[in-house]
Amino acid sequence: MNPRHWSSDAAHALCRVTGHSDPVAAMIARADALLDEAAVAGPPVPLAVLASFQGIRSIETIDIVASGRLIVHPEGSVVQVNRAESPARRQFTIAHEIAHTLLPAYAAHPHDVEDVHTGDYPPTAEEEHLCDVGASALLLPERWLRPAAQQRPPSLASLQDIARQFKASLEATARAVARLDVWPFALVFWEPGWRKADRAAAAQGDPIPPALRVTRAIAAPSFGVYIPRNKSVAEDTSIYQAYASGSPTHGIDRLTLRTADTDVQAESVYVPLMRGAVLHPRVVSFLLRPHTDATPRDHSISA
Numbered sequence: 048m049n050p051r052h053w054s055s056d057a058a059h060a061l062c063r064v065t066g067h068s069d070p071v072a073a074m075i076a077r078a079d080a081l082l083d084e085a086a087v088a089g090p091p092v093p094l095a096v097l098a099s100f101q102g103i104r105s106i107e108t109i110d111i112v113a114s115g116r117l118i119v120h121p122e123g124s125v126v127q128v129n130r131a132e133s134p135a136r137r138q139f140t141i142a143h144e145i146a147h148t149l150l151p152a153y154a155a156h157p158h159d160v161e162d163v164h165t166g167d168y169p170p171t172a173e174e175e176h177l178c179d180v181g182a183s184a185l186l187l188p189e190r191w192l193r194p195a196a197q198q199r200p201p202s203l204a205s206l207q208d209i210a211r212q213f214k215a216s217l218e219a220t221a222r223a224v225a226r227l228d229v230w231p232f233a234l235v236f237w238e239p240g241w242r243k244a245d246r247a248a249a250a251q252g253d254p255i256p257p258a259l260r261v262t263r264a265i266a267a268p269s270f271g272v273y274i275p276r277n278k279s280v281a282e283d284t285s286i287y288q289a290y291a292s293g294s295p296t297h298g299i300d301r302l303t304l305r306t307a308d309t310d311v312q313a314e315s316v317y318v319p320l321m322r323g324a325v326l327h328p329r330v331v332s333f334l335l336r337p338h339t340d341a342t343p344r345d346h347s348i349s350a
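Numbering (our numbering), first residue to last: 48 to 350.
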């Protein structure tokens, strides 16, 4: 695979000040250095302490539309996070705003920042994506995350245990564990929805029922299967039964993908999601290949 070409000044400056050729490695190195400077001994990481080392005097939870803001003040900057988001989501946003201060350009010229939705910036938005990388490195440092995952069997309950230990969201934890490739797993979020053509038909009054479809999939490289967004799952699967029954399920399910049909060992739970004032149905599935040794355990999660 060809190395990614980075074009932004933020990426190039990170490499210059750290000596790393890869901006991702450079951001992680900056995060590790801050953890060392603050003498953090283990999880959960005290983000308020890290913030104070970076000239941030306070962290406020307020009513805003964006996930978070970093506001510059001469006597000390302020981080503001969205009251409507979960405590775990707010933790990641705080870490993201701290990561902005690790960028050389910010250190040279501090400026206000507003982040619409942290944790979801694509690689093409290089500066914000690198701040997501930095947030993960601060909140879920590899030095403690790798042994935490290695000491547990791959399962949804184990992932949630780690999330609680690090005070991180399930999604952020899954992304960090997947990046380390400790387990050959995927974490998939499903919601009822339509294909593009079906949405148009539904708008014309054709009563096409929604299918349960992928809204987000996080997979370790060793999982070995690409699960595309908007892929539907059959109603005879344990994944769909978690949606239909509202109860946890586990089983061997077949996913029909473009390349080939793939069997997966699935643990699924029904976890509805509040958007604004509306509760939307959602299923979260932890997937392994059937040959992987894993024992499902009883669990309750908040994703």
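Worth double-checking, as some hints may not be accurate.
Claimed, not checked - So the derived label-pair ranges between C-beta atoms look like this:
id, residue 1, residue 2, range
1, Arg242, Asp56, 34 to 42 Å
2, Ala281, Ala88, 42 to 50 Å
3, Pro337, Gly66, 41 to 49 Å
4, Gly123, Pro200, 41 to 49 Å
5, Ile118, Asp308, 23 to 31 Å
6, Ile118, Asp83, 23 to 31 Å
As the list claims (entries may be wrong) - Computed list of lysine to aspartate or glutamate pairs in EDC-like fashion (alpha-carbon distance at most 16 Å, straight line):
id, residue 1, residue 2
7, Lys214, Glu132
8, Lys214, Glu189
9, Lys278, Asp228
10, Lys278, Asp308
11, Lys278, Asp245
12, Lys243, Glu189
It is worth saying that the hints were derived from the structure and are not from the lab. C-beta: ideal position from N, C-alpha, C; glycine also.
Review point. What hint numbers does the structure not satisfy?
Key: 5, 9, 12
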